[in-house]
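Starting from the structure of chain A, add chain B where the hints point.
Number of protein chains: 2
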Amino acid sequence: MTELKNDRFIRALLRQPVDKTPVWIMRQAGRYLPEYRATRQKAGNFLNLCKTPELACEVTLQPLKRFDLDAAILFSDILTIPDAMGLGLFFTEGEGPQFKNPIRTEKDIKNLHVPDPETELKYVMDTVRLLKYELDGSVPLIGFSGSPWTLACYMIQGGGSKDFNIAKSLMFREPKLMQQLLSVITQSVLAYLDAQIEAGAQTVMLFDTWGGLLTTRDYLDFSLHYMQQVIEGLKKHSSIPKIIFTKLGSNWLESIAQSGCDAVGLDWTIDINQARARIGDQVALQGNMDPQLLIASPERIQQEVATILKAYGHGTGHIFNLGHGITPEIPPEHVAVMVNAVHELSQEYHG
Amino acid sequence: MTELKNDRFIRALLRQPVDKTPVWIMRQAGRYLPEYRATRQKAGNFLNLCKTPELACEVTLQPLKRFDLDAAILFSDILTIPDAMGLGLFFTEGEGPQFKNPIRTEKDIKNLHVPDPETELKYVMDTVRLLKYELDGSVPLIGFSGSPWTLACYMIQGGGSKDFNIAKSLMFREPKLMQQLLSVITQSVLAYLDAQIEAGAQTVMLFDTWGGLLTTRDYLDFSLHYMQQVIEGLKKHSSIPKIIFTKLGSNWLESIAQSGCDAVGLDWTIDINQARARIGDQVALQGNMDPQLLIASPERIQQEVATILKAYGHGTGHIFNLGHGITPEIPPEHVAVMVNAVHELSQEYHG
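Chains as they are written, first to last, in the working numbering: chain A, 134 to 484; chain B, 134 to 484.
The shape of chain A in the complex, shown without the other chains:
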């Protein structure tokens, strides 16, 4: 492994002492940056951008040039796996992701295969390798995947949804079929993250965007169970920290912390001091500023950063982040205010 010039992020994930609280931002390479919009235009569309390693690498690095961030995250989409399975991912302007061939029947599920990352998702692995070269050890690179449950939601529904009623209908009416689907996806996610680590990712994160739609019983059986299998399968990469982020997962923090992951992502609806009291002796915590707060004045942003740092308190184990992805209307200058405030104001809590 290349020696890291800035290993603050990795150290905090492993709950080792740091000089300042590390910070990165979900969707830090994104539409709020004019240079991102320019590269996306050059790519023609979002999916081309994901599938062209040079351009995906370019946008991954853009926020690192502007802000003093402590980690880079692979630029990609969470739906690359179902796309490689043949579901035909596409995006229409102003709409979320959609699939040409959603999964609806037993036959659809039986026909699914586990994509080979180095051939069918080669563009992702090439992006990781290129990024590893370009980053040159400046900051760690985060690889990621959608969680099995979240991928299943989109694959069955055929696109985004308020309640993923078609996906939940399959779960409630045909739980065994749903488990078969989740098993194939789990194997695919495991192979995908394993390959990202082999290609150079130094941390991996599971994005469970839709686990929060479930009851406790269903969350444990249909979402966390499969994420745990992924974490278990990645155990051989013992030096690679693993992060689980279930949006709206605050009811289940204790169970998530026991999954074998190193860190738990928090959305903004839970107090980070409460989260630390509940699971801070087992895992690091990542989060959790309200993404919309970045629209406020610089003073208000600094105040919120101070509140969250104080709520977490002294010692390591905190990675500052938003509680969800940054949104397109945020002024980039406000992001700089946040990042700098984290580094400046956090020093009193360390060393």
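The hints are simulated quantities; they were obtained by calculation from the structure and are not laboratory data. You may find that some hints are simply not true.
Identical chains share a label here; the pair holds if one copy fits it or two copies do between them.
[Claimed, not checked] Straight line, CA to CA, 20 Å or less: simulated SDA-like cross-link-like pairs of lysine to any residue:
| no. | residue 1 | residue 2 |
| --- | --- | --- |
| 1 | 295 | 227 |
| 2 | 295 | 345 |
| 3 | 380 | 294 |
| 4 | 295 | 164 |
| 5 | 380 | 350 |
| 6 | 255 | 361 |
| 7 | 443 | 353 |
| 8 | 309 | 430 |
| 9 | 265 | 462 |
| 10 | 443 | 349 |
| 11 | 309 | 432 |
| 12 | 309 | 431 |
| 13 | 295 | 231 |
| 14 | 153 | 473 |
Fair warning: this is a prediction, and the values are worked out from it, not measured in the lab.
For chain B alone, coordinates are given in the frame of chain A:
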């Protein structure tokens, strides 16, 4: 007050002994019922349906004819107050509610008035009176309002939204203006619910659909604070139980329970046994089956009802409901299965 023939719902709200767990369903008068769709067609559109007391009364009573429900809920929209304030509520097919004149500036806020319920919202009060007459004491009638925060979200945003970014932007950038707006809305909600009670409502419920978008700090300051003022203002109606339902509010159950309300509505993401352990000695609990589960087989529905009843356990203080409104694709026969299962299976937990 008319003597109630079935007072199970009121008794459970006040945590008095009952023979069976009472049950009603959020949005029980709704599009899943063919007779509702027929009346709506007769009304021309949704807003006419709300504004015509005879038709609003008709659809309120429809589910009670089909199912053995323990309460009726006034058929209306949560956005009647802003409509009466002059914002111009309208609905377009397939879209959520929208306002012609959203609130964006200090001047917009200063110009708002508190609508007089008996003149400007007379159609609602007439519906309540008509319902009271038609119900003739068979089951209690629930009156309701959107919470001040939830109404503010729609009034500023101008319609539905994933994140209500315009509303949250006002909160973060101009908190004092937001408080002024919330104060006017709070006075309006209080007057509205007070008038509903005077007209015959025997329970009132605040629907805080969007409180769950907030951090703990902001939830307490911008949502719960104002709901508490409403509850406080309704104290003179000491025999009328008051319910607060914050969707995705499981982080704040203790604070909600201390607001002075008699019952707390739960969405399906929290275990009702955990909720009871946290606040069951202070308030009744209403909920919390996943609305999507009604798409499953009758056996699966019965199983889920049994699981929730067992999770709540012995004794009174539980009102069975869904964790959110019923959706249009649910077969009415499945609702009957749920309602009957609640009454049958709950008997072992009472008496």
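Index of numbered hints that the structure contradicts, given in increasing order: 6 and 9
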